[in-house]
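S.K.: Chain residues, written in single-letter form:
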Amino acid sequence: MKGKASSVAQPIAGADGNRVDLQHGRTPGNHENPMAGSAGWASRLPGHRGLARIACTMVQPLLTRTVRKIARNHTSLFARLGPYREADFLIDPVELPFALHLRPDPDNLTFCAVPRDAAPPVTATIQGPFMLLLQLIDADEDGDAAFFSRALTITGDTEAVVRLRNALDDVDGSIAEETAGLFGRPGQAILKRLRRSYHTENTGI
Amino acid sequence: MSLAELICPAGTPAALRTAVDAGADAVYCGVQDATNARNFPGLNFTVEELTEAVAYAHTHGTKVLLALNTYPPAGKVDLWRQAADTGARIGVDAFIVADMGVADYIARTHPQVRLHLSVQAAASSPEAIRYYCENFGVKRVVLPRILTIPEIREIRKEIPCEIETFIFGNHGLMVEGRCSLTNYLTGQSTNMDGVCSPASDVEYIRDEATGEMSSCLGGFTIDRFGPQEMAGYPTICKGRYTAPHRPEGYYAFEEPVSLNLSRLLPELIGAGVHAFKIEGRQRSKSYVRNVVRAFRQAVDDIRAGREANIADLVALTEGQKQTMGAFETKKWR
Chain A
1 MKGKASSVAQ PIAGADGNRV DLQHGRTPGN HENPMAGSAG WASRLPGHRG
51 LARIACTMVQ PLLTRTVRKI ARNHTSLFAR LGPYREADFL IDPVELPFAL
101 HLRPDPDNLT FCAVPRDAAP PVTATIQGPF MLLLQLIDAD EDGDAAFFSR
151 ALTITGDTEA VVRLRNALDD VDGSIAEETA GLFGRPGQAI LKRLRRSYHT
201 ENTGI
Chain B
1 MSLAELICPA GTPAALRTAV DAGADAVYCG VQDATNARNF PGLNFTVEEL
51 TEAVAYAHTH GTKVLLALNT YPPAGKVDLW RQAADTGARI GVDAFIVADM
101 GVADYIARTH PQVRLHLSVQ AAASSPEAIR YYCENFGVKR VVLPRILTIP
151 EIREIRKEIP CEIETFIFGN HGLMVEGRCS LTNYLTGQST NMDGVCSPAS
201 DVEYIRDEAT GEMSSCLGGF TIDRFGPQEM AGYPTICKGR YTAPHRPEGY
251 YAFEEPVSLN LSRLLPELIG AGVHAFKIEG RQRSKSYVRN VVRAFRQAVD
301 DIRAGREANI ADLVALTEGQ KQTMGAFETK KWR
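Chains as they are written, first to last, in our numbering: chain A, 1 to 205; chain B, 1 to 333.
Isolated chain B (complex conformation):
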């Protein structure tokens, strides 16, 4: 049986302590700039905060993984190098990277620190994963959310590194790390600026008479919710649109829905998944506490040979809906 490490999100020092206290095996976080894919206002860590956070986590036996999982634009790679240097200096346990140049820099400059390949690298074949392992010494790959469990089992046989899969949280587009939808409307890049639907471009407009709410990005209305309808994130991929063949309007890309693989944990462990990742660095301490506790209990039950008793987490899901996505079947969407 794999160790089934629980990898948990933290957007602030308080969230990191919450994750540690709730039973995280490792916490992943980022610094306050474009080097990570949750470069949101008021979120993430200063260098001083990260230093203290690493000390707190290590005191409690928890690892800290630093997300450097965006792509440096030409001529701006110094920001990523500096973040890597800082992380190595203060003793983070691994870097989560997507860009080959960043991976190469870390492999050459800080070879003592583990490299994990971010989901943003979208490496989904044994050949692609082996390339990162052989050239940059990657020790773990975070798989894109497009694979079934039998496919994961097959990949595991053919790669020389650990596998991490998402088990809960935001369910993004399928070619991860390649999404340009935000860029299309706002001019800012999810993959290079670290901002999917930047808050500065988001506006919610409530119609007091009807109770309807419009969700707008960059001046474009991307969805409108009825007064009693559950809402989702203001992302283009989860907007509702009409088209000539669908005049009634529909979710063209994705629905407001979250991934929840709590029912598939035993199968994932059986397929050789080494670590389970919970999405949500942008979420609150309350989310971190409840989700980490629930999965800590579930993983411990499974490892002890008991049937996992998974808490109901639907209230924390986007649109209050959950899916097992492609992990369950390729027929998903």
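Pulled out of the complex, with its shape left as it was, chain A reads as follows:
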């Protein structure tokens, strides 16, 4: 690539003792990421802390039912997680007023809504738009492509994230539809509407 770096290089030490520098900053010819800068807007709203706590309380029964059903229906998922069954994940849908704490331990399953400022220490964090995360869980979107596009951000223990991704990707069927099915036709209608809206937003169709 012939693009010139727009900012100063940060030197690091190479393993052979030589200096290995890298440039950073935006390079001409790269695509725009429409999702950039959208993260965490809800946390900037006035009174967001109270809102987050109320929202967490409201959604918790749904989360508990959802995760128990998924664990019951997809037991093979846990084998791919290996030792990371006891890891703590923070799944952070950027538009929602809260994040989700997941510990996929079949003996002590945890899936809780938590205000971002009260999130526990976690092994890894996965952050992105809510519908993208939902599409990834259902393997309707490709995680690597979402990462390349910068719509998806992961931090912390990368192996934990890779294991979770591979475990979820091996699930047949739709976890989102199973969840929606818990709430009968209204749940299915809401999911259908969300998906239609997401599709239109991404394809213009």
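Derived from the structure by calculation, the hints contain no laboratory data.
Here a beta-carbon is modelled for each residue, glycine too, at the ideal position from N, C-alpha and C.
Be a bit skeptical, because a hint or two may be false.
[Unchecked claim] Interface residues of chain A toward chain B, partial, derived using beta-carbon atoms under 8 Å:
no.	residue
1	80
2	142
3	158
4	172
Given chain A's structure and the hints, the job is docking chain B onto it.
M.R.: Just chain B now, with coordinates in the frame of chain A:
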């Protein structure tokens, strides 16, 4: 016209079923250890899963190729032999091998199972390919991604086996099967442990203030992406570095870019390529479904004498960029 078989990746049983349902002629996969070059956490098949996967594929008329495409370190060849024995027992249709010792074991012990020579063997001359054919009965060679189509056509005339070429996916370094960059930083070998940039050594660091993301391997920062810049895999070969002659920083080896030969399929078939390979056992079912469907349609169109209508796959490419690499011109990079 060659058959133009579509060879598709699967990292999990669900991905294998997805590939089969999307129209794969054959699916390649690996078991959960160092015997294959995608030995990633949570990926690949247990013996039980592979047994069921082979049954599913065969029921639908699809072949299963077992990748044993890494090199056994001294004294550890039993793992590769056991995987070969397992594959033969459950009826895989071919083994994809790189190491001569593994090829020799399979040729002697399981002569009824086809041997395909992996791209990891880096056999790019008629002499090298013929050596594998004559000594181990190799039936197909997966060519390294360094050859132009006229060169492939010439090679085809001089070898007694089928040719498979990659047509889509990750675009690796040019002397394949010889890369030691990961080993250099992490101590783990791409070619012997099956891990290029092991996830346990990868870390992404996001600067909340600027939105920049650093991509690190083994404690070394290998690239930093601006807040709106497309990213690539955390591999050293696709890192950005400065050097005395390039103080502004540059991709010293490769860029984050994927191979896409959808426009060259007719020429590849004309050159005698027997099978088209899609890279990406580490990718999701979504990737498998979309890429396999697109190339299934394209290959069927070509075989029917129609102009291929290739779906746009750029959203699935690394860095959202694609190249035809050396297949189009030797001037590439």
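S.K.: Under the constraints set out in the numbered hints, which ones does this structure not fulfil?
M.R.: Those not satisfied: there are none.
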